[in-house]
Each structure stands twice: as structure tokens, then as C-alpha cells.
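Peer 1: Residue numbers (this note's numbering), protein chains in the order written: chain Y, 1 to 74; chain G, 1 to 391; chain D, 1 to 370.
Since the hints were made in silico from the structure, they are not lab data.
For glycine and all other residues, C-beta sits at the position ideal for the given N, C-alpha and C.
A portion of the hints provided could be inaccurate.
Partial list, derived from the structure: chain D residues whose beta carbon lies under 7 Å from chain Y [to be verified]:
#1 A291
#2 I293
#3 N298
#4 R301
#5 A302
#6 A305
#7 W313
#8 D314
#9 W324
#10 I328
#11 Y331
#12 Y332
Quick look at which bits of chain Y chain D covers, simulated, 3 or more residues with Cβ under 8 Å [unchecked claim]:
#13 7-19
#14 22-30
#15 33-43
#16 55-63
Below, in silico cross-link-like pairs of lysine to any residue (SDA-like), each with a Cα-Cα straight-line distance of 20 Å or less [unchecked claim]:
#17 G/K10 <-> D/I121
#18 D/K181 <-> Y/G71
#19 G/K268 <-> G/R379
#20 Y/K31 <-> D/E294
#21 G/K104 <-> D/T113
#22 G/K208 <-> G/Q121
#23 G/K351 <-> D/G175
#24 D/K71 <-> D/A56
#25 Y/K68 <-> D/S323
#26 G/K259 <-> G/G388
#27 D/K33 <-> D/E173
#28 G/K7 <-> Y/F23
#29 G/K226 <-> D/D239
#30 G/K147 <-> G/I157
#31 G/K332 <-> G/D224
#32 G/K7 <-> Y/R21
#33 Y/K68 <-> D/T335
#34 G/K247 <-> G/A261
#35 G/K7 <-> Y/R25
#36 G/K197 <-> D/F168
#37 G/K184 <-> D/L159
#38 G/K259 <-> G/R379
#39 G/K10 <-> D/T297
#40 D/K33 <-> G/E357
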Amino acid sequence: MNSILLAIIAVFIILILYDMRIFIRNKEPAKVYVLYFFLMGAGLIVSLLLAAGIRPVAPSRLIEAVFKMIGIAK
Amino acid sequence: MTVKKDKGRKALLILLLIFPLLLAGCWNNRPLTEINIVAGMGLERTEDGKILVTVQVAEPGAIQPASAGGGSGGEKSKPVFVASNEGETVFEALRGMLAVVDKKLFLSTAQVLIIGEKLAQEGIGEILDFFERDHEVSYLVDVIVAKDATPDELLRIESDMDTIPAVYIRGTVENTAARGTVKKTLLIDLFKDMDCKGRQPTAGQITKSSDKEVRTEGLAVFRDGKLAGWLNPYETRGFLFADNELKGGIVNVPVDNGKAAFEIIRSKGSVSVEVEDGKPSMLIIRVNAEANVGEYGSGGRLDSLETLYMLEEKLGEEIGKEIEMALEKCQKEFASDIFGFGIYLHKYYPKCWKEVENDWHNIFSKLPADIRVDAKIMRVGLVINPVGKGE
Amino acid sequence: MGKTRISGLQLFMLLSGFLFGSTVILAPALGAKNDAWLAIIIGGTGGALLMLIYAAISLLNPSKTLVEILKEKMGKVLGSIIAVLYIWYFIHLASLVFRDFGEFICTVTFPETPMTVLISIFALGVVYGVNGGVEVMGRMGELLVPIIPTFILIVSVSLITVNDFTAFLPVLENGMGPVLKAALSYITFPFGETVAFLMLFPNLNRKEKLKKIVFVSAALSALISIVIFFRDISVLGSDLMSRVTFVPHSTTLLFPEANVDPLVDINLMIGGGAKIGVCIYAATKAISQVAGIENYTNLTRAVGAFCVVLSVWDFENVLDLFSWTERIYSYYAITFQVIIPLILLVLSLIKRSKPAEGSDADNEGVIASK
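Please put together the full structure from these sequences, using the hints given.
Peer 2: Given below as C-alpha cells:
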């Protein structure tokens, strides 16, 4: 289990470092960093939770709930 | 700057070229030396209701043509070994086998799957599910049902003809199928018919004829997934004529003072059902066969068209008789529609089929049949008149 | 540094690859059983119409991507909100295709490889392609997509001997109900999903060809689906066909004397790759246009990584995936595929934009900085 967590963190760190290099070189504006870390952070947190055996409510379930609330889907 | 970028690109390109290798190399790749190549499988129900799985494994090293040295020990190692194991489910029994054999079993290479008589009588539906579901089993395995012998015995025979008995068995199935006295049944055929109400599954029959030989002739008829009974070779051929599966065969016809033999070259069969007032009223079988004269020693002169027409008629009658025998047995004894009349009804009279669907076994077994065979004799061979009948 | 352009042929190939996408492994309109061919014809017609609507929207707003059209026609705030919803839809769509891909490979080819690993490695390739820009994707499509119908043809022709050509009878055994339902699901999957191409249409070099391209690729896709359906039902029979998980794969298992399974895998990688690539491109492009970022390639890796995580996160198992797609997906998709585009079409017809002003302002957003 721990090795999986480590592997995920390693993969994300490699990806982030790779992109940071490019961002710094190109002097990207702050909003790029914000969006980037929002997406990457969400991905990292969810994948860590998944690896730890906790499954956060899936988006598809939420969508299903919304449609059930409106009363379209059964 | 650009040079550096190029270098980075190259590195990435090389990395990407390595990934396909990862994809091709399975997570759990197994070299040939670390698997047992399964040549044949057998399934049987034991006395206490468990499933006995038997596998015949080929040893590639021993199959190679006798090497010049003749081996170090002098004694030739056996080309195959047979192992069996029982379990509550097929999968458990198969995996449990690993306690007995040294390497993992590789099922894709299996040539035949022999189903024991007892198991067949109790129903094969549940057993087949594993073979349907598992990604490793080939859907094109030959399925045969053992009569008066267990699959275990059959897989343990040591044939003189082929070093691997399973290959020998498959060979005999192919030969007999070409003669029209056994139906070559693939696993997929069983899957298709198993769930279909309009047609009951059938499979070839295998018996043990001596310590070293098997005999594959005849047909196992199923009903609702359970073995209902057997058709003899002639009835099997009749069924194949109607089912449009006949590849060839020798049909004997009584002539003046003995029998003449005709070789079937081509045959086209079709089944249909006549519907009157929304109810099925008649089973119809039509066969068009083409044949050559194969043996005519006991007949008279053959150089007139009238004789030929007469022979055609007789041949048609003979084929018709075989079909009638098969149909009657299926109707009266097994109440099992192996011909697929139900499928015909379903396709062309869906409303009528909805009504009879659930009682089809009974309705089918009471329907009268109209069998018509149109036989044509095309050629007479290298001589026209037999010995002693020339002018 | 001009605007990145793709040729008509490239767009056609990309569009066709997108349409083949997951339908290479999941036979469409199976809900209609024996009448699936009817559902494909009805759904294909509807799908082609829907795609022509997308083309019309794009032609009415030349050189504008979906996000820009939304912002212009619906106002900055509402337009941006809907654009964000679209971004979510594209990401979700990519993750669904990833999951289909992963489940197929895990069931059929590599049962013991963890699905996450398979998807991640596949994603690396796709994201690399997307980073190359629209031109690279177009060229990839041009090169690879023709392989799909070739392989389908090879398998179909070789199986002609084991066919039962009347297997699709009886016609309309259960009435029109299931057929129409299946036709609707066939419109949403895969035709409606081409809404993602609204982010890509502005890159076409010759606008006058757009309608023709869209129509021909929709027709081709429906035609091939029909061929696949008749092949599968002739080979498997309707009873078995309604039980198997991946219909086209089970059909190739019956290929005599050879294992042609890799052909299906290759088709899946090409079709799925085109589909995921377009979705990720559309999502990333939309994000950067909403946020006003110049170079979209900055975010592709992040979006790709998120898609991979989402694909694993979204469903617990394969049945969960199938049942959700069957029950919910049509409704979910119609919002994005039909309702909003129709509103956009009406709005575009009412107040036609002035292309001269718009295209100049937009050029900057489209340039992939090199």
C-alpha cells in the first residue's frame, strides 16, 4: 500500500517538476500556476485517497443524483 | 537553446519508443519454458457431485522428432502427461491442479474438450460459463461428449498414430465430420445454442474402441442443457443433411442383387415450418444432394438414363429415411428440436413463436413432417458398366 | 507564426477516428437487439443532423471557438459559466473513454496489469500528441485512422464463411420503443460527442468544405457500424450477442486459425486516442480561453493527469460503468450535445456576428506559441 502511495507521489512530482521548468522559463502569469495546481492538486488528493482505500463521492454519482432530483432519470 | 530543446525532444522520443515495449510485455509475461501447454481437457462429474477436470499436457521437448543421439538416458521421455483434479467449480479444479503440476497451465492451445456422460446428463450450462467467461480459452475448441467412457480414460490413452492423443482425437473428429457421421462441434456452437429456445445444442460423440484407439461417431443430443440421448451414425448423417452441415459421405442404396455406394459431393438442406391459422402445422425439410457413383459391383447396366433416374430416386429415398429416423428419434424419444425449426418460426413468424415458445418441446414432438429429398447423380466414375455387364 | 491550420482531409480523419472511438469495442445501439441496424440508421440520420448543426454554428461564427461563441452570445458571465460546464464535460468524456479503454484491455488482453498503469501509459502518448497542437493531431489522424476500417474489413470478410445471414430476423419483434431508445443513445454516443469539435472547427483551412466533411464522416461511421452489426449478429447470433461484454472482440475470437485480437486493440488505441486527444485538447483550450491564458499547452499535462485520476475514481467496477452509461449518460449528454448547441444556433441566427472584428481578436488566442 505504501509503495503505491509513494509511486503516485513520485509520478506527480516528476510531472510537476517537468512543467515548472517550462513555466519558469517562459515566465508564465500567476493564473497559469493557480489553474495548474488546482488540477494537479485535485488529481493528487483524489488518487492518494483512492490508494488509501477511501473513495470520495464520484462525480458520476453526483450527476446521477442531480438528474434524479430533477426527476428525469429513474 | 534550440539545441537543448532538441535534446529534450530526442530523450522524450526515445522514452515514448520504449513505452510500446512495455505494452507488449505483459505484466505477467510467461516464457514458453514456464508454462504447460494444454492439448486436451476433460470434464466429468464425480460420485460426490464435484467436478473432475482432466488436462492433457504436451511436452514440447519430447515431441521433437527423435534426435540423432537418442537422448542421454536412453529411455524416451513421454510426450504428454495427464493430470486431473476435482473441485466444486471448474475454475477451482483447474487452479487446484497447480498443486500437482509444476508449471502454469496454458489453455489457449487446447484442441479438444471432452465432456463426460454423467456431467452431460446433469447439465452443462453452468459448466460452460467458465469457458465463456475466461479470456484464455479458445472459442474454437472441439467439444465432444464421451459415451461409455470417462474423459479421464480417453485422455490417458496412448495412441500409436500421433504422439499427442488430443491431436489424434481432433484428427478423428475431422475425418468423421468429413464423412458426415459426426458433427464437428465448436465451443462457440454450444454457446450459441445453449441460450436459444428455438434450437437445442448437439455435440459429437466419442467412445473408446480399444486401449489405443477412440471412435468418434454419432451425436449427443441435448435438451435444456442436459444430455437427452444419442443418435447413431446414420441418424447423425440424416440430421446433418437437414442441418446443411453435411460435408460428404457414403450412402448405400439397395440395387438388383446387393448394394451400391454413392458418394455425396454436395448437399444443401433447409428446414422450415408451415404455419396455418397462426399455429405451426407441419415441419418441412428440403434437401438437395449431388452424388457420384462410387461402387456399383452388384448392380446391372448403367448406361441408360432411366437407370440413373431410378437410382437418383432410390438415393433420395435412402437419404430421406435417414432424416426421418433422426427426426423421429428427436421428436418421440428426446422431444428436442435440434434442427432449429424454432429458430425458423422465431425469424419468420415472430407472433406465432411468442405463443408456442414456452411449450415448444411438446408442440415440436407432435408435429407431422414433410421431408423431400432431391438427389442428383452427376458422374459415374472411370467405368460405366460393372464387370460382366458389358455387351 | 500563423494560425495553426488543418486540411479538410485531416479534419475528416480526426472526426472519423473520434466517431469510431469506443464504438470499436462497444457495439452501438445494442439495446435494440436484432433491430439495432434500424436504430443505427435512425440514430445515424439524427447524428448527422446534429453534427450539421454544430457545423452551422461554427460557420455562423467564423474563426470562433465554442468558448468565444458562448461568451459573445450569452454574455460574459453566463457564457463563462456554461463554458466551465463544457470544460467539465470534455474532461469527463475523456475519462469515460479512458475507462472504456482500460476495462477492455484489462478484461481481454492484459488481465493482470493494473488498469491505472495501462491508462497512464496510454495518456502519456495522447498528451504528448495534444501538446504538438492541432496540426500534429490532424496529421496523426490522417496517418492512422484509415487503419481502422481496413482492419474491420479484414475481419468481416474473413468471417464471411461462418455467417448466418438471416440471423437479424425477425424485424421489429418488440416494436419501435426499444429501437427509438437505442437510436437516441446512438445519437449521444458517439455523434453528439463531436460537440468537442466546436473547439477545433475554427482551425479548418477551407471553411466551405466543413458541412461536407461533417456529413460524410457521420455517414461513414454509421455505415461501418451497420457492417459491424451485421457481422457480429451473423457470427454470434442474437442470443449470445446480448450476453457478451465486448461484442466485436468476441467476434474476432472466431477468426479461423489465427488470433486477430490485436487488430481490435490497435483500432481501439487509434480511435480511442483520437477521441481522448480531441477531448483533452478541447478541455485545455477552453480552460485557457476562459482564463485568458495564451499558451494552452501549459495545462495539457495537468488536464491529462486529472482525466486519468477521474477515470479510475469515477466508477467502482465495470458494471458500474456500463449501468451508469446506460441509465444516465443520455440525459447528461443531451444537455451539452443538443440543448445548449440549439440555443446557440438560434442566438447565432438572430444576431449574426461581424466576422472581420471577431477573427482578428481571436487569432491571438489560437496561436500555439513556438
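Peer 1: Compare the structure with each hint and give your call.
Peer 2: Hint-by-hint comparison with the structure:
1. Hint status for D/A291 relative to chain Y: holds, with the closest Cβ pair at about 5 Å, below 7 Å.
2. Annotation: interface hint on D/I293 holds; nearest CB of chain Y at approximately 6 Å, less than 7 Å.
3. The interface hint given for D/N298 is met, as the beta carbon of that residue sits about 5 Å from the closest beta carbon of chain Y, less than 7 Å.
4. The restraint placing D/R301 at the interface with chain Y holds, with a minimum CB-CB distance near 6 Å, inside the 7 Å limit.
5. Evaluation of the D/A302 hint against chain Y yields a held restraint, the C-beta minimum of about 4 Å falling below 7 Å.
6. Satisfaction of the interface hint for D/A305 is found here, the shortest Cβ-Cβ separation to chain Y being roughly 5 Å, below the 7 Å cut-off.
7. For D/W313, the interface hint holds, the least distance from its beta-carbon to any beta-carbon of chain Y being 5 Å, beneath 7 Å.
8. With a least beta-carbon distance of about 5 Å to chain Y, the hint placing D/D314 at the interface is held under the 7 Å criterion.
9. Here the hint on D/W324 is kept, as its CB sits about 5 Å from the closest CB of chain Y, short of 7 Å.
10. At about 5 Å, the closest approach between the beta carbon of D/I328 and any beta carbon in chain Y falls short of 7 Å, and the interface hint on this residue holds.
11. A distance limit of 7 Å between C-beta atoms decides the matter here; for D/Y331 the minimum to chain Y is near 5 Å, and the interface restraint holds.
12. Annotation: D/Y332 was flagged as interfacial toward chain Y, and the flag holds, the nearest CB pair being 5 Å apart, inside 7 Å.
13. With 5 residues carrying a beta carbon less than 8 Å from a beta carbon of chain D, the region 7-19 of chain Y meets the three-residue requirement, and the given coverage holds.
14. With 5 residues having a beta carbon nearer than 8 Å to a beta carbon of chain D, the region 22-30 of chain Y meets the requirement of three or more and the stated coverage holds.
15. Only residues whose beta carbon comes within less than 8 Å of a beta carbon in chain D count, and the region 33-43 of chain Y has 6; three or more means the coverage holds.
16. With 6 residues having a beta carbon nearer than 8 Å to a beta carbon of chain D, the region 55-63 of chain Y meets the requirement of three or more and the stated coverage holds.
17. The straight-line distance between the Cα atoms of G/K10 and D/I121 is roughly 18 Å, inside the 20 Å bound, and the hint therefore holds.
18. For the given pair, D/K181 sits about 18 Å from Y/G71 by alpha-carbon distance, which is consistent with the 20 Å threshold.
19. Taken as a hint, the G/K268 and G/R379 pair is honoured in the structure, with Cα atoms around 18 Å apart against an allowance of 20 Å.
20. Pair hint Y/K31 plus D/E294 holds up; C-alpha atoms about 11 Å apart against a cutoff of 20 Å.
21. A threshold of 20 Å between alpha carbons decides the hint, and for G/K104 with D/T113 the separation of about 18 Å falls inside it, so the pair holds.
22. Taken as a hint, the G/K208 and G/Q121 pair is honoured in the structure, with Cα atoms around 19 Å apart against an allowance of 20 Å.
23. For the hint pairing G/K351 with D/G175, the CA-to-CA distance comes to about 12 Å; that is within 20 Å, so the pair holds.
24. Among the hinted pairs, D/K71 with D/A56 is consistent with the structure: their alpha-carbon atoms are about 18 Å apart, no more than 20 Å.
25. A C-alpha spacing of about 15 Å is found between Y/K68 and D/S323, which places the hinted pair at or below 20 Å, so the restraint holds.
26. Note on G/K259 and G/G388: the hinted pairing holds, with a Cα-Cα distance of about 17 Å set against a maximum of 20 Å.
27. For the hint pairing D/K33 with D/E173, the CA-to-CA distance comes to about 10 Å; that is within 20 Å, so the pair holds.
28. For a cut-off of 20 Å, the pair hint linking G/K7 to Y/F23 stands: about 19 Å separates their Cα positions.
29. Taking the CA atoms of G/K226 and D/D239, the gap is about 19 Å. The hint holds against a cut of 20 Å.
30. Note on G/K147 and G/I157: the hinted pairing holds, with a Cα-Cα distance of about 15 Å set against a maximum of 20 Å.
31. Pair hint G/K332 plus G/D224 holds up; C-alpha atoms about 16 Å apart against a cutoff of 20 Å.
32. Between G/K7 and Y/R21 the alpha-carbon distance is near 15 Å, which keeps this suggested pair within the 20 Å criterion.
33. Restraint check for Y/K68 and D/T335: satisfied, since their Cα atoms lie roughly 15 Å apart, inside the 20 Å limit.
34. Annotation: proposed proximity of G/K247 to G/A261 holds, straight-line Cα distance about 17 Å (limit 20 Å).
35. A threshold of 20 Å between alpha carbons decides the hint, and for G/K7 with Y/R25 the separation of about 16 Å falls inside it, so the pair holds.
36. The straight-line distance between the Cα atoms of G/K197 and D/F168 is roughly 16 Å, inside the 20 Å bound, and the hint therefore holds.
37. Between G/K184 and D/L159 the alpha-carbon distance is near 18 Å, which keeps this suggested pair within the 20 Å criterion.
38. For the given pair, G/K259 sits about 18 Å from G/R379 by alpha-carbon distance, which is consistent with the 20 Å threshold.
39. In summary, the hint linking G/K10 to D/T297 is supported, as the alpha carbons are separated by about 19 Å, within the 20 Å threshold.
40. Using a Cα cut-off of 20 Å, the hinted pair D/K33 and G/E357 holds, with the two alpha carbons roughly 18 Å apart.
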